[in-house]
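Undergrad: Chains as they are written, first to last, in numbering that gives the first Met the number 0: chain A, 0 to 315; chain B, 0 to 278; chain C, 0 to 468.
Source of the hints: derived by calculation from the structure; they are not laboratory data. Virtual Cβ for every residue (Gly too), placed ideally from N, Cα, C.
When the alpha-carbon atoms are kept at most 30 Å apart in a straight line, the in silico DSBU-like pairs for lysine-lysine are as follows:
1) C:K327 <-> B:K49
2) B:K133 <-> C:K75
3) C:K358 <-> C:K129
4) C:K381 <-> C:K68
5) C:K327 <-> C:K200
6) C:K68 <-> C:K368
7) B:K133 <-> C:K358
8) C:K373 <-> C:K415
9) A:K207 <-> B:K167
10) B:K49 <-> C:K200
11) C:K126 <-> C:K373
12) C:K201 <-> B:K49
13) C:K368 <-> C:K358
FRET-style restraints, in silico, Cβ to Cβ:
14) A:H313 <-> B:K107: 19 to 25 Å
15) C:T188 <-> A:P69: 50 to 56 Å
16) A:P69 <-> B:E102: 41 to 47 Å
17) C:R397 <-> B:A16: 53 to 59 Å
18) B:K107 <-> A:A53: 20 to 26 Å
19) A:D83 <-> C:E234: 23 to 29 Å
20) C:T268 <-> A:V88: 19 to 25 Å
21) C:E461 <-> A:F81: 18 to 24 Å
22) C:R397 <-> A:V88: 46 to 52 Å
23) C:A194 <-> B:T19: 48 to 54 Å
24) A:A53 <-> B:E171: 40 to 46 Å
Here are the chains, one letter per residue:
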Amino acid sequence: MTNTQIQAVRPRPATPAEVAPRPSARDRGSRLLAALFLAPTIVGIVVFTVVPIAGSIVLSLFHWNVIDDPSFAGAANYREVFGDSTVLVSFRNTLVFMVFAVALQLLIALVLALAVNGRMPVWLRSVFRSAFFFPLVLSAASISVVMKYLFNQDFGVVNWLLGLVGIAPVPWLTSENGAMTAVVLVYVWQQFGFSFLLFVGGLNNIPKEIHEAASLDGATGLRKHLTVTLPLLSPTLLVASVVGIINALQVFEQPYVLTNGGPGDSTRTVVMFIYESAFEQLRFGEASAVGVLLFVLIMAVTALQFRLSRRFVHYQ
Amino acid sequence: MNLSRTRHTLAPWARIAGLTVCALLTLGPVVWTVSTSLRTPAESFDLPPKIIPTSPTVESYRGVFEQIDVWLLALNSTLVTALIAVGQMITAGLAGYAFARLEFRFKKPLFALVLATMMVPLQVTIVPVFLVLKSMGLTDTLLGLIVPAFPTAFGTFLMRQYFLGMPKDLGEAAMLDGCGPWRIFRSVYAPLAAPGLAIVGVLAFNYHWNEFFRPLILETSGQNYTLPLGLVSLQGNLGTGSISVVLAGVVLSMIPAVAVFVVGQRPLREGITSAGVNR
Amino acid sequence: MTDSHLTRRTLLRYGAYGAGAAALAGTAASWDRLTGADIPGRDDDSLVVATLGPAYGPEAIRTLTDGFKELHPDIKLRINAVQAVDWSDFFAKILTQIAAGTAPDLVYVATEGVQLFAQRLGVALDKWVKRDAAELREYFADVHPSLVESMMYEGSLYQLPVEFNAADMYLNHQVLGRAGASFPAADWTRDDFTALLRDMKKSSGSQFTPYFWTNRLWGGVVPWLFANGTNLLSESKAPGGAWLWDDFYPAAERRGRGGGFRWTTPQATDARVEEAYDYLASLIQEDLCTRPEGGNGQNLVGVFSTGRVGVTPAGGFWAGGLHLAGMKATDYDVQYFPRWRTQRMQFGAAGYALLRTSKRQEEAWEFIKYAARKDTLMRLFKTNQTTPARRSMLTADRYRETGPNHWQVFYDTLDKFPDTGPIPAPPQVAEVEQVLLKHTGTALASRRAVAPALRRMQSDLEKAMERDV
Chain A
0 MTNTQIQAVR PRPATPAEVA PRPSARDRGS RLLAALFLAP TIVGIVVFTV VPIAGSIVLS
60 LFHWNVIDDP SFAGAANYRE VFGDSTVLVS FRNTLVFMVF AVALQLLIAL VLALAVNGRM
120 PVWLRSVFRS AFFFPLVLSA ASISVVMKYL FNQDFGVVNW LLGLVGIAPV PWLTSENGAM
180 TAVVLVYVWQ QFGFSFLLFV GGLNNIPKEI HEAASLDGAT GLRKHLTVTL PLLSPTLLVA
240 SVVGIINALQ VFEQPYVLTN GGPGDSTRTV VMFIYESAFE QLRFGEASAV GVLLFVLIMA
300 VTALQFRLSR RFVHYQ
Chain B
0 MNLSRTRHTL APWARIAGLT VCALLTLGPV VWTVSTSLRT PAESFDLPPK IIPTSPTVES
60 YRGVFEQIDV WLLALNSTLV TALIAVGQMI TAGLAGYAFA RLEFRFKKPL FALVLATMMV
120 PLQVTIVPVF LVLKSMGLTD TLLGLIVPAF PTAFGTFLMR QYFLGMPKDL GEAAMLDGCG
180 PWRIFRSVYA PLAAPGLAIV GVLAFNYHWN EFFRPLILET SGQNYTLPLG LVSLQGNLGT
240 GSISVVLAGV VLSMIPAVAV FVVGQRPLRE GITSAGVNR
Chain C
0 MTDSHLTRRT LLRYGAYGAG AAALAGTAAS WDRLTGADIP GRDDDSLVVA TLGPAYGPEA
60 IRTLTDGFKE LHPDIKLRIN AVQAVDWSDF FAKILTQIAA GTAPDLVYVA TEGVQLFAQR
120 LGVALDKWVK RDAAELREYF ADVHPSLVES MMYEGSLYQL PVEFNAADMY LNHQVLGRAG
180 ASFPAADWTR DDFTALLRDM KKSSGSQFTP YFWTNRLWGG VVPWLFANGT NLLSESKAPG
240 GAWLWDDFYP AAERRGRGGG FRWTTPQATD ARVEEAYDYL ASLIQEDLCT RPEGGNGQNL
300 VGVFSTGRVG VTPAGGFWAG GLHLAGMKAT DYDVQYFPRW RTQRMQFGAA GYALLRTSKR
360 QEEAWEFIKY AARKDTLMRL FKTNQTTPAR RSMLTADRYR ETGPNHWQVF YDTLDKFPDT
420 GPIPAPPQVA EVEQVLLKHT GTALASRRAV APALRRMQSD LEKAMERDV
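All chains, please: the whole structure from these sequences, using the hints.
TA: Quick look at the structure:
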C-alpha cells in the first residue's frame, strides 16, 4: 500500500537512487524524459506566471500610474500599505472570510459525503452527488447576480423563506455581519461540491475491513466517525483544506458583485483592494505591493498547514 | 456502502430526507434562474416564487438571440475551452507523471514552483501577462487566451497524485522486462490515466467556460468575445436590461457546462475517487 | 487481464487517437479564428474607438460603423464595445491597453471620468471646435450649455456630450393609486415627499418599501446633497471658456458659465451634508426607505416595475429599461426631484474623449463630430436607453411607446433649475467615489452612526484629494 497523500504534502523518503546518484543509461533516459515531460508546464509557468510575478515584485518598488513612466519608490509602497487602514481591514476580512468559508465548506461537504455514502438506491445516490456538484459548473459572476436578487432584504426569496418560519427579515447585503454572512454562504454554496467529491472518493477508499473491525469493537455512529473514519480521511481533508484555503484567500467575484465591498469596508477583500487600487485608482505600485503581501500570506498559511498536518494527518 | 449497516444512529429515511432538503437548497437558485428566465419580466419577483411559470414563454430566449450573436460567441467559447481542456490534459498528464514517477534533479523546488502559481491572484499579474502576449503578437486573439492557460498547477498536482496512486510494481515489472522509461510510461501507466485526465479536462472546462476577467482584458475585437463577455450586453445600459433576458442568457451559457458535467460525471467521479487517495 | 478489459482498453486507445485527430483537424480548420486572422482590417491603421458594451449592442455598433463609412469612406473605423459590467471594468481594460501601448484613439467617457481623462490622457478639442465653428453651430444650439460646461476642464473642452441623465423621481402609478395619492406637482417639497412615502407605506402590505435607491455616486446620496444646497466637495468654476460661450451661446445662456467645474475641499462634515444623511437615516428608521445596496442598480428595474417600490431616482435611461421590463406608459411617470433648500438637480453626461497617444487625431475629431450628429443619435438611441444630449430629440413621438408622460422633465431639468450640475468628479474620482460609498453604507446604519461616519468620510476624502493622480 503506497501512501500517496503523504507524498503530496511532504517529501517521500529518499530512494537509494536519490541518495547516491548513479549515472546510468536508465537514469539519463529518465532525466531526459522528465525534461521533455516537464517542459510544457515549466516553460508555460515561467513565461506566463513567474515573469509576470517578477514584474509585479519590481513594480511594487515603483510608483506607477500606467500613464507616466514609473518612478522608483523603494519601500514607500510597502510603508504606505502598512499605514493604510483599508488594507489592514481587507486582510482581516479575507482571513475571517477564509476561516468561516473553508470551515463551513469542509463541514457541509463532509457531513453530506458521509450521508450519501450510507445505504440508499444507487440512482438516488447518483442524483444527490450530481446535485451537490452542480453549482460548481456555474459562473461565479452570473450566479452572484442571481444571488443578489435572492438575498435582497425586502424582496428576496431568502428572507421570504425565513419569514415562513417566523424569522424577521435579515439585512443580508446592507449590514456588516449580514453582508459577510451572505458572501460566505454564496461562496460556500458554489464551492462545497468540490470538497464533497473529494470526500466521497476518500470514503470509498477506506477499506471495508477497518470499518468492520471497528463495528465489531462496538463503535457506532458519531463515535465511529470521530475515531475511525476521520483519521483515515485526514489526508483527503488536508488536500481539500489546502486547496480550499488557497482559493478562499483570493475571493473576488462574490463580494464584488454582491456587496461591492460594503457596507463600509466590511466585505472588502484583499483581491478587491488590489483590483480597485490598480485599475480604478491608478496605483499600480501599491497594488503590486499588496499582491506580493498576499502571495506571502498564502504561502505562509499553506506551509503552516503542512507543518500542522504532520501531527494531525494519519497515513495508513 | 461499505459502512452502512451500523454507521448511523439516524434512521435511513431521516438521512435521505435531510439529503433531499440539502439537494433542494443547492439546486434552488438554479431552478429559480431557469424558471425566471421562462417567465415574463413582470412576474420575475413574485413571492412566493412561481417555480412552474403560469404561462411559460421563451420570449426571453428569443431576445438573447436577437441581441447578441450567440453562435459566434459559442464557437469562440467552445474553441477556447476545448483547446485549453485538451492542452491542460496533456501538460498535466506529462508533468504529473514526471513528478510522480521519474527521477531528476530539483524535483522538489520545481514542484513547489508549480504549486506556488496557484497562490497568485490573476488581478496582480494581468498587466504583465498582457505585455508578454503583446510581445508575442497574441493580444486580441483566441490563442492569447488559450496558450497561457496550458500549464495548470492544480491539474499537475492531481495527475501526480493519480500516478502515485497506481501500483509501483507495474512499472518495476516492466523495467525488469527491459523497458525504458518511455516504454513504461506509454505502455504501462498512460493507458490507466484516462479517468484522472477526465477530471483535469472537466475542471478546466468548467473554469474556462465561465471565465470573465481574462477575456475582458485580453480580447478587444467583438469577433473574439467569448460567451460570458457577450452576455454582458444583455444587462443593458446602467443595468436596465430585462432580468428575464439576462437570466435566459445565463441559462443558455449553462447548457454546455452541464452537458460536459453529465457526460464526464462518471470518469470524473472515478478520477476523483482514485486521485485523492490511498490505494 | 481479461479479454473484455483488453478490448475496452483498445477501444479507449482508438477513441483517444480519434479524438486527437479530430482535435488537430478542428484546430487546423479554425486556425484563422484562433489567431484572429479572419477579422478584416484588424491590424491596419484603423481609427479605434472604445465604447461601453452594455450601452452599445452589436446592432448599435453596426449602425455607428455603417453611418461613418458613408460619410467618410476614406477613414477606416473599428469600434470595440468593451463588455464591462461597470465603469471600473471598462477602465481596467482601457488602462491595460494604455500600459501596453495599444490604446484606442477615442474612449467613451462619462462624467465620472471626464476630468481624469482631461488631466492625464486627453487632448483638448478647442482648436478643432474653433476651426469647425460653422459646422458645430447647429450642435451647440441644440445642446444645453450645462452639459457642455460639464465636459470642460480648466477652460478647455474635452468632449462633445452625446447623452446625459439627471436623477429624476420615478413614481409607480399603481402604488400611487393604492395610497390614494395624486401625482406630485413639479414644485413638490421634501415634506410632500415624506408624506407620500408614509401614505404608500400605510396602504401597502409587507414586502413593499416606498423608496428604493442604490448606493453609488450618480443618483445615490448626491441628489439629496444637491437638493439641500450642498455638495461633497466644495464647488467652484475654473476661469476661461469664454471662447466657447461667446461664440456659440446667447448672452442669457452664457451668464455665469466658466471653464468647467473645480471640486476641491472636502466638506463631508458640513451641517447640510449631515442633515441630508440624517434625513435618509430617519426614512430608513421609519421603514420608508431601504438601506442602500451597493452596485449598478440591477435590482431597481425589477422591484419598481413589479410594484414592490413606489418611488426611486433614475434618469431618462429608465424609460427604455422599464419598457423592457413590461411596464406601459400609463404604469409610471416621472417628476423632478423634490425641493428642499433648493431644487438643484444632478446629472452625468458622456461623450468621446480623444487620447493624447492617438496618431489619428484629425480622423478622431471627424468621428467625434459624427457621433454628435442628430441623425447618428437618432439611429443610435432608438430604444430610449438614455437621454439624448440634443434637446430637439426629446419629442412626444419618442416617448409615446415607452412613456413616461412627463418626458419633458428629462431635459427641462436643465432649464428650470439652471444651477443643475454634474456629480462631483475631480480627477481623483475613483477614490472619492469609493470613500463616499463606503461611509454612506456605515453612516446609514442608524441615525447615531451618521456623524462619526461623516467625520471618517471627511478625513478619507482629505487624503484622497491630496493624492496626485
